[in-house]
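Visitor: Sequence:
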Amino acid sequence: MQDLSLHILDIVENATSAGATLVEIDISEDVNRDILQITIQDNGQGMDAEMLRKVTDPFVTTRTTRLVGMGVPLLEQAAKETGGGLLITSEPGKGTKVVATFRESHIDRRPLGDMGATLITLIMGNPDLDFIYTSNLGDEEIEVDTRAIRAELNGTIRINDPVVIHLIKDLFKKREVTL
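So the sequence shown is numbered by the numbering used here: it starts at 7 and just counts up by one.
Keep in mind that the hints were calculated from the coordinates and are not lab data.
Ideal placement from N, C-alpha and C gives every residue a C-beta, glycine not left out.
Do not rely on the hints blindly, as some may be mistaken.
Straight line, CA to CA, 30 Å or less: simulated DSSO-like cross-link-like pairs of lysine-lysine [unchecked claim]:
id: 1; residue 1: 60; residue 2: 103
id: 2; residue 1: 60; residue 2: 100
id: 3; residue 1: 103; residue 2: 175
id: 4; residue 1: 103; residue 2: 86
id: 5; residue 1: 60; residue 2: 86
id: 6; residue 1: 86; residue 2: 100
id: 7; residue 1: 103; residue 2: 179
Pairwise CB distance ranges, derived in the manner of DEER restraints [as the list claims (entries may be wrong)]:
id: 8; residue 1: 99; residue 2: 144; range: 33 to 39 Å
id: 9; residue 1: 103; residue 2: 163; range: 30 to 36 Å
id: 10; residue 1: 171; residue 2: 8; range: 21 to 27 Å
id: 11; residue 1: 153; residue 2: 58; range: 26 to 32 Å
Could you build the full structure based on these sequences and the hints that come with them?
Guide: Okay, here's the thing in structure tokens:
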């Protein structure tokens, strides 16, 4: 995976497969501490302690269609390559939280990528799920909450309608959030 947005897409797809109805994505940087942190939290089925211990093993997956699960191990590797790390907490019936920390200035830190396109892909592919996306990068802040968008639409148009998707894309274009 060439950029971090693809890792985020993979982790969120895991959450949706685990029955999440709400996924929160938070991306923040702390220039003073030289940290970029990505947090993804969901309200899906969660993992028991045994699965949580094994989740970074590429030869452990809950999928029945293949024998390997590379998403979490690759995210962990990407974080560790920069002197960062990965922390996953989970509880059955309560969901999972993934926190990836990167040393922002490290030469091996992958670019964030196109988070607007990633969020649009998630909304288009999962129109019945809710997403809360927040980013605080430098002096640019973005917040997209599909629950608020749905309330504003008041059932008159679906959230994955091209008009709505275009408006969400515009939020990202104005702020150039593609580190």
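Visitor: If a hint holds in the structure, say so; if it does not, say that too.
Guide: Verification of the hints:
Between residue 60 and residue 103 the alpha-carbon distance is near 15 Å, which keeps this suggested pair within the 30 Å criterion. Among the hinted pairs, residue 60 with residue 100 is consistent with the structure: their alpha-carbon atoms are about 19 Å apart, no more than 30 Å. Using a Cα cut-off of 30 Å, the hinted pair residue 103 and residue 175 holds, with the two alpha carbons roughly 26 Å apart. A C-alpha spacing of about 18 Å is found between residue 103 and residue 86, which places the hinted pair at or below 30 Å, so the restraint holds.
Restraint check for residue 60 and residue 86: satisfied, since their Cα atoms lie roughly 17 Å apart, inside the 30 Å limit. At most 30 Å may separate the alpha-carbon atoms for a hinted pair to count; residue 86 and residue 100 meet this at roughly 27 Å. Restraint check for residue 103 and residue 179: satisfied, since their Cα atoms lie roughly 28 Å apart, inside the 30 Å limit. Between residue 99 and residue 144 the CB atoms are about 38 Å apart, so this pair conforms to the stated range of 33 to 39 Å.
Between residue 103 and residue 163 the beta carbons are some 32 Å apart, a value that agrees with the proposed interval 30 to 36 Å. Distance hint check for residue 171 and residue 8: the Cβ-Cβ separation is about 24 Å, which falls inside the suggested range of 21 to 27 Å. Between residue 153 and residue 58 the CB atoms are about 28 Å apart, so this pair conforms to the stated range of 26 to 32 Å.
Of the numbered hints given earlier, the model fails none.
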